[in-house]
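Can you build the whole structure from these sequences, using the hints too?
As they're listed, the protein sequences go chains W and R. Start counting the first sequence at 0; every next residue gets the next number (numbering that gives the first Met the number 0). Start counting the second sequence at 0; every next residue gets the next number (numbering that gives the first Met the number 0).
Each statement offered as a hint is correct.
Okay, the calculated bits of chain W under chain R, using three or more residues with CB under 8 Å as the criterion:
id, stretch
1, 34–43
2, 54–60
Derived, one-sided and incomplete: chain R residues facing chain W with beta-carbon distance under 10 Å:
id, residue
3, V8
4, D26
5, L34
If you are wondering where the hints come from, they were derived from the structure by calculation, not from laboratory data. It should be emphasised that the depicted structure is a prediction, and the values quoted were computed from it without experimental measurement. Note that CB positions come from ideal geometry on N, CA and C, so glycine has one too.
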Amino acid sequence: MSKGRAIENGRSEVLQGTLDLMILKTLDALGPLHGFGIARRIEQVSEEVLQLNEGTVYTSLLRLQQQGWIDSDWGTSENNRRARFYSITKGGMKQLARETANWNRISGVIGRVLSLEGEK
Amino acid sequence: MTRRSSVLVAKLKRLFAKRRSDVEFDDEMHEHLRLLTNRYINAGMQPDDAKSAARRQFGNTTLLHEDRSEMQTIPAMETLWRDIRYGARQFRMNPLFAAVAILSLALGIGANTAVFTLLDQLVLRLLPVKDPQRLVMVWSTGPHFGGNSGARAASYPMYQDFQRAAKAFEFVFCRLETQSSITIDGGTERVDGELISGNYFQALGVGPAVGRLFSPEADDRIYMGHPSVVLSYQYWMRRFAGDPKVVGKKILVNNYPMEIVGVSAAGFGGLDPARSPDIRVPILMTPVMTPGRDDLANRRSQWVQIFGRLKSGYTVQSARASLQPLFHQILRDEVEQPSLAKRSQHDRDLFLTRTVLVETAANGYSGLRQQYSTALIVLMCMAGLILLVACSNVASLLIARAMARQRETAVRLAIGAGRRALIRQLLVESILLSVVGAALGLGLSVVATRGLLSMLPTNGATLMLHAKPDGRILLFSVGAAFATALVFGVMPALQATTLDLLTTLKDMASPVTGANTPARFRKALVMAQIALSFLLLVGAGLFTRTLINLKDMRTGFSSMENLVSFQVDPAKNGYLVARTRDFYSDALRDIRALPGVRSAAYVMWPLLNGREWDLTVVVEGHQAEPGEDMQVYYNLASPGYWRTMGIPLLQGRDFDERDRVNGGDDPQPWNVAIVNREFAEHFFGVRDPIGQRIGCCHGPGTKPTIRIVGVVENSLFAGPRSGVRRQVFLPYLESASPAAVTFYMRSARPATALFATLRGLLAKLDSSLPVYDLKTLDDQLNETLSTERLIAFLSTVFGVLATVLAGLGLYGVMAFVVARRTGELGLRMALGAPRLSVLWLVIREVLILLGGGLIVGVPSAYLLSRYVSSELFGVTPTDVWTGVAASALLGLIALVSGFVPARRASGIDPIAALRYE
Chain W
0 MSKGRAIENG RSEVLQGTLD LMILKTLDAL GPLHGFGIAR RIEQVSEEVL
50 QLNEGTVYTS LLRLQQQGWI DSDWGTSENN RRARFYSITK GGMKQLARET
100 ANWNRISGVI GRVLSLEGEK
Chain R
0 MTRRSSVLVA KLKRLFAKRR SDVEFDDEMH EHLRLLTNRY INAGMQPDDA
50 KSAARRQFGN TTLLHEDRSE MQTIPAMETL WRDIRYGARQ FRMNPLFAAV
100 AILSLALGIG ANTAVFTLLD QLVLRLLPVK DPQRLVMVWS TGPHFGGNSG
150 ARAASYPMYQ DFQRAAKAFE FVFCRLETQS SITIDGGTER VDGELISGNY
200 FQALGVGPAV GRLFSPEADD RIYMGHPSVV LSYQYWMRRF AGDPKVVGKK
250 ILVNNYPMEI VGVSAAGFGG LDPARSPDIR VPILMTPVMT PGRDDLANRR
300 SQWVQIFGRL KSGYTVQSAR ASLQPLFHQI LRDEVEQPSL AKRSQHDRDL
350 FLTRTVLVET AANGYSGLRQ QYSTALIVLM CMAGLILLVA CSNVASLLIA
400 RAMARQRETA VRLAIGAGRR ALIRQLLVES ILLSVVGAAL GLGLSVVATR
450 GLLSMLPTNG ATLMLHAKPD GRILLFSVGA AFATALVFGV MPALQATTLD
500 LLTTLKDMAS PVTGANTPAR FRKALVMAQI ALSFLLLVGA GLFTRTLINL
550 KDMRTGFSSM ENLVSFQVDP AKNGYLVART RDFYSDALRD IRALPGVRSA
600 AYVMWPLLNG REWDLTVVVE GHQAEPGEDM QVYYNLASPG YWRTMGIPLL
650 QGRDFDERDR VNGGDDPQPW NVAIVNREFA EHFFGVRDPI GQRIGCCHGP
700 GTKPTIRIVG VVENSLFAGP RSGVRRQVFL PYLESASPAA VTFYMRSARP
750 ATALFATLRG LLAKLDSSLP VYDLKTLDDQ LNETLSTERL IAFLSTVFGV
800 LATVLAGLGL YGVMAFVVAR RTGELGLRMA LGAPRLSVLW LVIREVLILL
850 GGGLIVGVPS AYLLSRYVSS ELFGVTPTDV WTGVAASALL GLIALVSGFV
900 PARRASGIDP IAALRYE
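Okay, structure coming up:
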């Protein structure tokens, strides 16, 4: 039942809200992908640092879709089966830009705060 | 589009596509798992291991499903739906409660909707024309020293002055409603006609359905030069089945050849929301439409109604202000004209005090509205009171039910239900009740409205009012439903959820001391019901006595149910004076010969139908003081009139063949007159009126040349409300104008048996002559009293309804109190209290409730009844006996509904009661 609790072996929990951002970025960078493809891409980029229940990708996708930031269409998977392909919308790109700026600002602040404490 | 709304839209979409998207989601996840499994197999795992590794990596699918459905639903809507289903289940489990509550509400909401349906159509609704807010009606008040026909009438020259010079208006237009006979392909029928100025349709912004409508250029230029007819859409549909070929058709209107030039647009009825003319004719054709009267150039005759469309920037007030100087200029001109110049200075000064009035006509002008609006508003208030009584009944029931459900509520609260959630649940139940009640009430109101409409007089014209509920009515009843749900639901819901959990759960809910909050609140409700019922009963009493007083008023006519009357208007079939007179004589001769007819006669003005004709009189030897009321009421009668009506001839003689026309177009044709006792006593006192001379019809300067030959007993003219007037009767046979008349005949047989015979007889004389208003004088009186009948009937129904509801409420509360005090009463009896004293204990409480209700009700009735004084007759608004009767009736009901629980209380078995405790 414990979803997303930090687990042993040095892997980190995905921060609340950051999965949405990562998915947007992925779709922005790679174009339309299905859920499996998105999960692979995140796995690849995170270099196995992030612990991810891949099912939560779908919750995130649904949320993004409800907000109108991504769109979906039916296509065919590598398995030759029907699969849903997601793509970023114009609104999604704007949101990505906003969130990226936001992220940089906050991570900068947090980084500074943490490094201050380190110097003490 | 905001983010929030796009999420909402997505959720709403899903409400409808739930199944499919769930299946698709399953597919999507399975495909993902399959791909993951393949990946592990490719990496060298055994298929089973690969599968479970994939599952691990993917995570909990059930959880995922739950997250997903939570994200995709609107929680409030789901819970609402749950509450509704729960409420419906509660009602199914307790059908008696639900039935009583719903029925109370249905009656309350139904009564309100029915009255509102009429009020809306007659009073509130705007005319379906362009920009109705800018329409106004213009008329004037004050002494006019001339003829008046119809309400708010003006002279045609006055209209022309306004039309030419009034600056505040984009259009000034006028109209006159008049009945006419039209002959189409040989058949003659009677229709509602309207004479209108040429700019009428332009001013209202109404276009044609087919053909053309009138314009000032084409239809308002030449006196008697525009024999054109525009049909109303309804008449076109009804009479010609919407045939476009009627345009260009030649027809006869009042026996005068005219041509149908067009049909006005669908949905347009006219300026009167209650009735719609069938045909419209240019006003310059007046002589054809009102035979024998042509007052187009007469400033001393008021007969057209003037309307205007305000220019933008003008309000009703500023338009009136700008009209005032023009109006006074017109008055100053008129007072110098010969017709007024010889009046006394007093009269001339009086004349100049006339004022012009402007009023919005956004919802048109309706005589029916003038007659009924006060009544309808009174009835609407009464219906509102009924709804309050019904509400308090339901509130009381809800409290009782909440008591019964106390343990359930306590358990729910104890295991963590929020108070909010419980209140919401209870309110949803209330709304459910009132919505079902409103639906039922809407059905009731349609039936009730039909009933009400049948009580309104039609006066021969088709009434445009209907009982069919439309969007506005629907909206009204839905609004009423929600408002009532709030009124009766909130208090019980708040109260039900404030519980002392511990006590309730330990089942200590029936302490020996009976008094507690819910009972107190219910008692307050019962007192309110009694107060409201008192108000309604007093209203019912006052209105019923008004009706009885009016009906019981001595009319002066004997056995009216045997007096049959009908009207004919041969002038509208082109008859001239001589032929009209002959026709009347022939008809009279044939009718008198009918078996069962004792006597027959005719008069010009029909009796008891609200119309009268008054003029000033000159009496020889009587010097009129300036400002003295010299109005008398005229009628033209045939010989035999008083015998037929059963009015005793006190002195002198009846008219006879001697009193025939003496000389063609003599402006002063009359030689003899008969006056009533009121007239004789007013002007002659004890002197003998026979042989005295009077003058009439031409103002104060008239020479008194008419000799009084008879005096008759008083009788009513317009109706009971206006009472006995000073009357002068002139012989119709001397009249120089071919007026319509009303025949009266006294029948020895049941009156209705005569109707068919009469129609046959008149058809034999002239089959193309429409006969109308065939009825007994008794029917006529009932029609004239229709407002009073409507109010008396409805207020009685409302009063009884309220009393029954209050009785039910009282019974409910007392039964409840007795049940709660079982233990206490048992104890009292065990200690030796006699049965009678226990009985008294309960009855005393009933009397306290009754007294409490009356303490509020009596002063309220005292204060409110003055607002209806204009609707009353022969009874003061603060009539003591009505109040006493209402209190007595309420007392009786209270005792009856209190007695049953009281007897149950006195029959309590002390042992059983105490053991129960």
